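Undergrad: Below, each chain spelled out in residue letters.
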Amino acid sequence: MSFYSAKSISFSYSNKPILNNVTLDIKEGSIVSLLGPNGTGKSTLMKIFLGLLRPQSGQIILKNTPLKAYSSKDVSRLVAYVSQSSMVTFAFTALDVVLMARVSTQSFFAGANKRDIDISIESLERLGVGHLASRVYQTLSGGEKQLVLIARALAQEAKILVMDEPVSGLDYGNQLKLLEIIIELSSEGYTILKSTHFPEHALMLGGDVVAIKEGKVFASGNSKNTINEQLINSLYKTDICIKQTECGFPVCIPRFYQNKPTA
Amino acid sequence: MLISLSVGRYDISLGTLIGFLKWKILGIGVAPSDVDLLSNIIIDIRLPRIIAAILVGAALSTAGAAFQAMFVNPLVSPGILGVLAGASFGAALGIMLGDSWIVVQLCAFTFGFAAVIVALAAARIYGNTAGKIILLVLGGVISSALFSALLSVVKFVADPYNKLPAIVYWLMGSFGAIEKSTILTVSIPMLIGIIVLSVSGKFLNILSLGDEEAMALGIRVSFVRYGAILMATMMSALTVVVAGMIGWIGLIIPHVARFIVGPDNRILLPMCALLGGVFLLIVDTFCRTAMSIEIPIGIATSLIGIPIFVIALRGAKKGFS
Chain A
32 MSFYSAKSIS
42 FSYSNKPILN
52 NVTLDIKEGS
62 IVSLLGPNGT
72 GKSTLMKIFL
82 GLLRPQSGQI
92 ILKNTPLKAY
102 SSKDVSRLVA
112 YVSQSSMVTF
122 AFTALDVVLM
132 ARVSTQSFFA
142 GANKRDIDIS
152 IESLERLGVG
162 HLASRVYQTL
172 SGGEKQLVLI
182 ARALAQEAKI
192 LVMDEPVSGL
202 DYGNQLKLLE
212 IIIELSSEGY
222 TILKSTHFPE
232 HALMLGGDVV
242 AIKEGKVFAS
252 GNSKNTINEQ
262 LINSLYKTDI
272 CIKQTECGFP
282 VCIPRFYQNK
292 PTA
Chain B
39 MLISLSVGRY
49 DISLGTLIGF
59 LKWKILGIGV
69 APSDVDLLSN
79 IIIDIRLPRI
89 IAAILVGAAL
99 STAGAAFQAM
109 FVNPLVSPGI
119 LGVLAGASFG
129 AALGIMLGDS
139 WIVVQLCAFT
149 FGFAAVIVAL
159 AAARIYGNTA
169 GKIILLVLGG
179 VISSALFSAL
189 LSVVKFVADP
199 YNKLPAIVYW
209 LMGSFGAIEK
219 STILTVSIPM
229 LIGIIVLSVS
239 GKFLNILSLG
249 DEEAMALGIR
259 VSFVRYGAIL
269 MATMMSALTV
279 VVAGMIGWIG
289 LIIPHVARFI
299 VGPDNRILLP
309 MCALLGGVFL
319 LIVDTFCRTA
329 MSIEIPIGIA
339 TSLIGIPIFV
349 IALRGAKKGF
359 S
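Note that the protein sequences, when read in sequence, are chains A and B. In terms of my numbering, the first sequence opens at residue 32 and continues consecutively. In terms of my numbering, the second sequence opens at residue 39 and continues consecutively.
Treat the hints with care, as some may be off.
For lysine to aspartate or glutamate, the following DMTMM-like pairs were computed, each having C-alpha atoms within a straight-line distance of at most 20 Å [claimed, not checked]:
(1) A:Lys99 / B:Asp249
(2) A:Lys104 / B:Asp74
(3) A:Lys190 / A:Glu175
(4) A:Lys190 / A:Asp147
(5) A:Lys208 / A:Asp195
(6) B:Lys62 / B:Asp74
(7) A:Lys244 / A:Asp202
(8) A:Lys94 / A:Asp105
(9) A:Lys94 / A:Glu260
(10) A:Lys145 / A:Glu156
(11) A:Lys145 / B:Asp249
(12) A:Lys99 / B:Asp74
(13) A:Lys99 / B:Asp302
Since the hints were derived computationally from the structure, they do not count as laboratory data. All values reported here derive from a predicted model rather than from experimental measurement.
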């Protein structure tokens with residue numbers, strides 16, 4: 032029984048190996064955070080999960096069926112993608128961009144109907160960017176663009192969200208708001224696979240964590256049990272310690288700060 | 039269009055023209071006294087030419103806008119994959135080989151397609167994965183260069199007193215050699231191309247997000263792109279068959295249209311067809327009336343098009359930035 036999983040995936044760009052025999056299993060309704068240094072293959076793994084890249088060996092299973100057996104239209108109804116950077120060359124409005132998510136539900140000739148527009152506006156509002164609907168996408172700030180793209184993923188109405196560093200480019204307030212929305216979505220039954228550079232975010236969200244280093248799964252499991260000083264330090268070559276705050280929330284504190292006499 | 043029918047080397051007053059059309063189409067009124075002459079000028083000479091100008095303008099503009107959407111680049115024009123270079127070479131080769139128009143037209147069409155196939159094959163050599171668009175553009179550059187060189191070879195070996203001037207005039211573009219039968223044959227595929235591209239506007243919109251995101255939204259990217267390339271190539275090659283090389287329309291009109299209606303290809307493509315048709319009709323009417331000799335339309339579109347393009351770009355923030 033597997034809901035959404037990678038079975039011994041190996042992948043290389045021309046001759047540069049990126050992923051080596053990666054196996055990971057995502058349970059329905061769970062939040063899985065991918066941790067790992069830059070260039071370690073997190074984005075590649077997510078693209079393979081979406082079927083945007085074909086692995087040299089191994090396969091992705093989606094609802095007990097190999098991903099290869101799905102058409103891209105079928106996949107788009109089950110899985111939505113928020114990429115790390117999106118370019119929109121022509122002057123589409125934010126609402127136009129979100130509406131594009133509805134294409135897989137429309138027939139060939141049909142345009143957007145009332146329901147499509149309602150869902151798109153609702154998604155924008157849920158991310159707190161309803162007021163940007165008629166703005167030209169290109170003129171938005173990086174963080175606003177990111178929120179519009181996440182709204183697009185919601186408008187796609189797929190129950191699995193794959194997000195490549197969704198908090199990148201967001202200000203502190205929007206980061207926290209997005210984490211809250213992710214928790215909310217998870218409680219509504221969404222399954223979420225995301226990469227992050229913040230171990231603390233993985234801890235805040237709970238769920239599972241998969242640490243990837245040099246193209247291999249380095250550690251995986253429940254985030255509270257898996258994330259510890261040793262893991263973070265060997266993953267990122269850092270020197271931190273993890274302390275519990277008064278409310279029981281663990282935070283990472285870098286050594287250079289601990290050594291400060293007045294800290 | 040009425041004005042265009044009326045003006046020319048033999049001026050027909052608007053009143054006479056309308057009277058004639060009424061009699062011809064609706065059967066009202068009396069036949070004008072010089073009915074044969076009028077019929078010859080209006081139905082056999084001017085009308086086919088006007089239809090050709092509208093069709094070519096519409097086809098080049100729509101193809102240009104579709105190429106811009108699928109290559110995610112507002113500076114792309116219909117010649118990007120080498121179709122115009124290939125068709126020019128084909129036409130020149132046809133002129134050199136014989137005197138038959140049919141051969142010239144077939145050669146132009148065939149080599150237009152051949153050039154695009156060369157471009158796609160060249161892109162394929164470099165692989166099939168990341169950066170696909172840039173590889174296609176590169177393939178187009180290679181193919182254009184190849185067929186331009188071949189065109190030079192044809193020009194070089196062509197008989198300089200007879201064939202070479204014919205080739206050069208062809209390449210400047212003209213609607214002078216239009217025949218009714220040609221128009222009928224090419225108008226159907228051109229119209230099909232314009233309609234197919236226009237109804238695919240929704241998918242072309244999504245291609246402009248980039249390949250990976252379009253795929254994640256459930257679009258069969260290769261299918262849409264190759265289908266649009268096929269249509270746009272067919273239309274562009276046919277324009278060379280009808281009227282030789284006409285530059286700039288495929289680049290300017292999409293910009294002007296985008297400036298007016300915005301970037302949504304579902305509206306943009308029909309708008310391009312409309313504007314392109316009207317623009318080329320005006321330019322062609324100007325070409326055949328402004329001076330006692332006919333100005334080659336390829337030259338006129340460039341000379342008139344460049345200032346329009348400069349003005350349009352000044353205010354083009356609505357289209358892209």
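Undergrad: Indicate, hint by hint, whether the structure satisfies it.
TA: These are the hints, each one checked on the structure:
For the given pair, Lys99 (chain A) sits about 18 Å from Asp249 (chain B) by alpha-carbon distance, which is consistent with the 20 Å threshold. Restraint check: the Cα-Cα separation between Lys104 (chain A) and Asp74 (chain B) comes to about 60 Å, which exceeds 20 Å; the hinted pair is violated. A hinted pair counts as satisfied when its Cα atoms are at most 20 Å apart, and Lys190 (chain A) with Glu175 (chain A) does not qualify at roughly 23 Å. A C-alpha spacing of about 17 Å is found between Lys190 (chain A) and Asp147 (chain A), which places the hinted pair at or below 20 Å, so the restraint holds.
Straight-line distance between C-alpha atoms of Lys208 (chain A) and Asp195 (chain A) comes to about 17 Å, which keeps the hinted pair within the 20 Å bound. Taking the CA atoms of Lys62 (chain B) and Asp74 (chain B), the gap is near 12 Å; set against the 20 Å cutoff, the hint holds. Note on Lys244 (chain A) and Asp202 (chain A): the hinted pairing is violated, with a Cα-Cα distance of about 28 Å set against a maximum of 20 Å. For the suggested pair Lys94 (chain A) and Asp105 (chain A), the alpha carbons sit about 12 Å apart, so the restraint of at most 20 Å is met.
Between Lys94 (chain A) and Glu260 (chain A), the direct Cα distance comes to roughly 35 Å. Violation of the 20 Å bound is thereby established for this hinted pair. At roughly 16 Å between alpha-carbon atoms, Lys145 (chain A) and Glu156 (chain A) fall within 20 Å of each other, so this suggested pair holds. Restraint check for Lys145 (chain A) and Asp249 (chain B): the C-alpha separation of about 27 Å exceeds 20 Å, so the hint is violated. The hinted pair formed by Lys99 (chain A) and Asp74 (chain B) fails the criterion: a straight-line CA distance of about 68 Å is larger than 20 Å.
For the given pair, Lys99 (chain A) sits about 32 Å from Asp302 (chain B) by alpha-carbon distance, which is inconsistent with the 20 Å threshold.
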